[in-house]
Amino acid sequence: MRFVLLVLALLATPLAAQSVRDRLEGRVPAEAIPAVDSLVQVAAQENLPTEPLVQKALEGGAKQVVALRVVAAVQVSLTQLRDARDLLVRAGDLPPVTPGEVTTVAWALRRGLPAVVVGRIVGALPRPPRAAAVHAVADLVAHRFDPDSGADLIIDAIHQGLHEARLLDVSTAAIQELQRGRSHAEALALVRQELPNVPAAPKPTRAAVVRARRPPGQQPP
Amino acid sequence: MDVRGDPSDPEVVARVLGGDAEAFGLVIRRHEAGLVRFATRMLGSRDAAVDAVAESFMRAYRHLASCRDPARLRTWLYRIVANRCKSHLARRPIADVPLDDAPPVADPADSEGALERAEQVAIVERALAQLSPEKREAFVLKHVEGLSYQEMAAVTGERIPTLKMRVHRAREALLRVLEDHA
Amino acid sequence: MNPIDSRIHQALDGEIARDALPPALRRTVERLEAAAGLLAAAAPVPGLEARVMAVIRQPAPSRTWRVVRWLATPHTVMVRIRPAWSLALAAVLVLLALFPLGDRGPMLGEHEGIAQFVGRFPGARSVHVVGSFNDWRTGTIALEDRDHDGVWRGVVVLPAGTYEYMFVVDGELWVPDHLAERQVADNFGRENSIVIVRAVRR
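Residue numbers (my numbering), protein chains in the order written: chain A, 1 to 221; chain B, 1001 to 1182; chain C, 2001 to 2202.
Think of the hints as simulated: they come from the structure by calculation, not from any bench. Source: prediction; values computed, not measured. For each residue, glycine too, the CB sits at the ideal point set by N, CA and C. Heads up, some of the hints might be wrong.
Stated by the list, open to error - Under the rule of at most 25 Å between Cα atoms (straight-line distance), these lysine to any residue pairs were calculated in the SDA-like manner:
#, chain 1, residue 1, chain 2, residue 2
1, A, Lys-63, C, Gly-2109
2, A, Lys-203, C, Arg-2120
3, A, Lys-203, A, Pro-147
4, A, Lys-203, B, Glu-1116
5, A, Lys-203, B, Ser-1087
Said to hold, decoys possible - Quick list of the computed label-pair ranges, beta carbon to beta carbon:
#, chain 1, residue 1, chain 2, residue 2, range
6, C, Val-2077, A, Arg-213, 32 to 42 Å
7, A, Thr-79, C, Glu-2191, 42 to 52 Å
8, C, Arg-2190, A, Gly-26, 20 to 30 Å
9, C, Glu-2172, B, Asp-1006, 54 to 64 Å
Next up, chain A with everything else stripped away, as it sits in the complex:
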């Protein structure tokens, strides 16, 4: 049985690499493909998610960026994924770290969250998923809330039983208080008082759902 698995693994690697090249062919400058492919393989060997790298290359191709810049952007993305993985491990996640979490933390760092704040959020949520929590704090930071104070609010919300998308409602509530003219400190205090009963985001209207279309190629579940 182990022999069969080994053979399958050996076969899967070039097949996976081929599928990456297939996705890039004709969409990314040809001279960039070998380098991007190489970076994707490096990511795979380090147990890092590879899809963000493929997406970055496709994005560069779509934006008609020259090959050198595509490769540079993919390289930067790989570095960001490594930094995210290292942060998760330092915060207590045991390797191999979940690819989805690495992607999430990389997003948080790209959106300007200090690493120490991301570490606090990860520590407050011992198990994935953490995407909503990190985006919630990043939303607050984008509106010039102090990162640590923003993290404090979201961590409080977590301790009061809110999780996943409801954490985004917490940051939204604080931002709305800011837009109503409160100071940052007042906004945080007011929302903290309301926890856990911050208003939920309105669901899409029926009219919106009726108008919705699937992107071409997406199969219904």
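Starting from the known structure of chain A, arrange chains B and C on it as the hints suggest.
Below, chains B and C without anything else, positioned relative to chain A:
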């Protein structure tokens, strides 16, 4: 209980639902001015606005149990009034909003500042009346009633980017009118 | 209508500090706020409370009584129609009941939500949204400007999750979504917008 010692909206709602109908008077007193102001800007007529808000309060009383978040009672009331204004405007044949509530003519004994203010109010009201109902509603909710985009989304059922678009266009239209009259 | 500097909108929406604006833009912000302030006067409304409370204090008729009253109250209904037309109408109703027309929209899976995109591009011939949800393929998700007022909209079914995207105007101009609540550097010197799609059925 808020800082002044008055019962909070959730407390008042709980009392009304518990059978104390008189407590609803506090809801009316607390919110009538802002709601009438909003409805006046939407309908262009204070009389029509008062009627719309009175009907809205009656409806709110009858359906108070359906207010899922009494802490957001104000937003819920704005939603009822906004819907009533929309129904009223839909029955009207022309989109123009009549200005039968022009600001009162200033007493000649008033200072020049008061006269100028009255003229400015008229200019702004005319600019507002020229907007579509959706943009007018968005601008008034945002800049006159002071709602956040999140609250506006709860009032109107629209997404925040859509509301931002409407507010932005309303600002641009208003600014153009102000510059023309500068 | 000429758009104004977007920093004015950002300042009025609390997204940037007013102190960061040049003096001319700050004056425009103050002007708009002053204009809105003129509309904010709220005169007392004598008699409104009494009027509403008078109705509330009346004993409510029972539901049975309300139904009986509606049934007993004459309502004018006048229809003049040829028998042939009434038969045709009945046939159409039966067909509609058996074969409903109209788009009810997609059935959303348990982990799917919708993303709504809107942007103002007056004079544009086409606007597409391109992002990580469609492998950055241009030309596949088109927005529509049904009212021909320059405002382009689209609603897309997507698996719940986080996506980066931009608008592409007239097939060539890449533009971030200025109304999006979240942005991130794209590593190409520009900014992508971020949309977080929540599952609708939770």
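Each hint tested on the structure:
A hinted pair counts as satisfied when its Cα atoms are at most 25 Å apart, and A/Lys-63 with C/Gly-2109 does not qualify at roughly 32 Å. This hinted pair checks out: A/Lys-203 and C/Arg-2120 have alpha carbons roughly 24 Å apart, not beyond 25 Å. Our distance criterion of 25 Å between C-alpha atoms is broken by A/Lys-203 and A/Pro-147, whose separation comes to about 29 Å. Our distance criterion of 25 Å between C-alpha atoms is broken by A/Lys-203 and B/Glu-1116, whose separation comes to about 46 Å.
Straight-line distance between C-alpha atoms of A/Lys-203 and B/Ser-1087 comes to about 23 Å, which keeps the hinted pair within the 25 Å bound. The hinted range of 32 to 42 Å is satisfied by C/Val-2077 and A/Arg-213, whose Cβ atoms lie roughly 41 Å apart. Roughly 19 Å separates the CB atoms of A/Thr-79 and C/Glu-2191, a value that falls outside the hinted 42 to 52 Å. Look at C/Arg-2190 against A/Gly-26: about 23 Å separates their beta carbons, and that is inside 20 to 30 Å.
Judged by the Cβ atoms, the range 54 to 64 Å given for C/Glu-2172 and B/Asp-1006 holds: they are separated by roughly 59 Å.
In the structure shown, a violation is registered for the earlier hints numbered 1, 3, 4 and 7, in ascending order.
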